[in-house]
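Going down the list, the sequences are from chains A and B. Heads up, the first sequence is in the UniProt record's numbering, so the first residue is 1 and it goes up one at a time. Heads up, the second sequence is in the UniProt record's numbering, so the first residue is 1 and it goes up one at a time.
No wet-lab data here; the hints were simulated from the structure. Note that the Cβ used here is the ideal one computed from N, Cα and C, for glycine as well. Where hints are given, some of them may not hold.
Claimed, not checked - Beyond 10 Å from chain B on every Cβ pair, some chain A residues (computed):
1) 23
2) 129
3) 148
4) 212
5) 215
6) 220
7) 271
8) 272
9) 276
10) 300
Unchecked claim - Covered, in the sense of this in silico footprint (three residues per stretch, anywhere, with C-beta under 8 Å from a C-beta of chain B), are these stretches of chain A:
11) 151 to 160
12) 172 to 184
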Amino acid sequence: MTRLALTSLKLAAFRSHASLRVETDGRPVAIYGPNGAGKTNILEAISMLSPGRGLRRAAAADMARSATGIGWRVTAELHSLEQSHEVVTGVEGDAARSVTIDGKAAAQVALGRIARILWLVPVMDRLWLEGAGERRRFLDRMALSFTPSHAEASITYERAMRDRNRLLKDQSRDAGWYDALEDQMARAGAAITATRMEALSRVARAQEDAATAFPRATLSITGPDGEDAPDGSEDQLRRAFAEGRRRDMAAGRTLTGPHRADLSAIYTDKDMPARHCSTGEQKALLISLILANARALADSFGAPPILLLDEVAAHLDTDRRAALYDEICALGAQAWMTGTGAELFDALGPRAMRLHVTEEGGESRTQAEA
Amino acid sequence: MSDGAGKEIEQLIALMAKLPGLGPRSARRAVLTMIKKRRLLLDPLAQAMTEVAATARECVECGNIGTSDLCDICTSPKRDQTILCIVEDVSDLWAMERAQVFSGRYHVLGGVLSALDGIGPDELKLPKLETRVAQGQIKEAILALGATVDGQTTAHYLADRLEPLGITVTTLAQGVPVGGELDYLDDGTISAALRARKSL
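Only chain A is shown next, with the shape it has when bound in the complex:
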């Protein structure tokens, strides 16, 4: 099977799951059960198999079962392209999150090279209405899914910018020091913008060719106030940083650069900005983008990504829901989906396996059903 899927997942002391063990056969997984049973916790645990803080953006220590205080662990067998890997991540005591791949310690960024995981969670329903930070993160996750080295460029940029911000706050006038930091910011920043643009054009191409029941979105990168973004080249950034020093000093922080970029989306067929669309349309646009991202990844990575779709069924009417399931299955992606009732997944029929999650005395119990 040339694809990407978890074939086994074990959670130890992860949030409400004292101990969970699931074997899968690569089919999508429908997780159902009442509110608070611990369904999303399973998705969150899977999201920890990618670099970063996972789908809740929580601190690693907070994912432990609070009562025990001995940390947590997620162990997974990941089938990636032609190979199987054993991936273990977790926290012990006060230490930072550790990762091992096939028994060898690895950096978090290494996870991005073997696994591509995309998610859609209910808090993202307000993506087009709220601050630019969330949209930028959405854009960066998209870029990261195609280009794992996006993470390194972001870290370099952030690091140099924190130093520059310190200089600005200290009212330093050492032009040479600013030059040196801005040079690094310009290089890393240009790389960040380039991978973001590349991601958008891949997603746009994947939308063009697709037969899909979900609406097309036209994405573009804008400046912080919705204006057209400058080209983001090294030279342009270097000039912008140098010219902005006086203004930045008054603000005490860097006001221009890729860390201020915003993502704008237009409902293509209606030529309407996403933020003006109805709640249902906004949700449909998001699903459309995740599916396009997944299709584009299937081409570039060689396999569709693992999808984590939290409460995705609830907001869709029966036809759209069936269309979503059909598209996931056509794509061949292992989607892990949650919903409160088993009937939400009826349209999947035997194309998915099912997990029934219940809760007893604060502890989740999970029952696999064929």
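Once you've looked at the hints, dock chain B against the given chain A.
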């Protein structure tokens, strides 16, 4: 934690445990070994430490650590005075010396620029560096700094300060380590190596 040894010995163990590479357990083992091999280890070590404590100091010229005001490298007539290698720390200087391939002199900055850590140009030995370069003998400065954000920022900063003084400023190459296989390199190193490729 008491070891059942005397107060002075426990004090020694506690001090040793603060050294890099040692912890409480290895410090206890080291102290025990020294005491058992008193003539071979403890006495000579105590004497060596007393001497080093009395004489160790920073070279006023380059910042290396030696036992006189000017270190052996700065006073050696065999050293090329026209090439200067700029390093972050004395440990980097010692690493360069171990390789036995550099015949010029050094300048130890004592750190790298980091606004967040409060290390600015004044905290580094920059005035001294500029004075040395301004004396006119130095033709080339080699920046041997780490490939970190702070290291590269410092390299860029120094290049801007030193080039107007009329010298050539170079930096160490970045890329495939000697004896290394491409397969094991991270993407950043491979792309640096590709950018710095040269004809055979």
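Unsatisfied constraints (hint numbers, rising): 3
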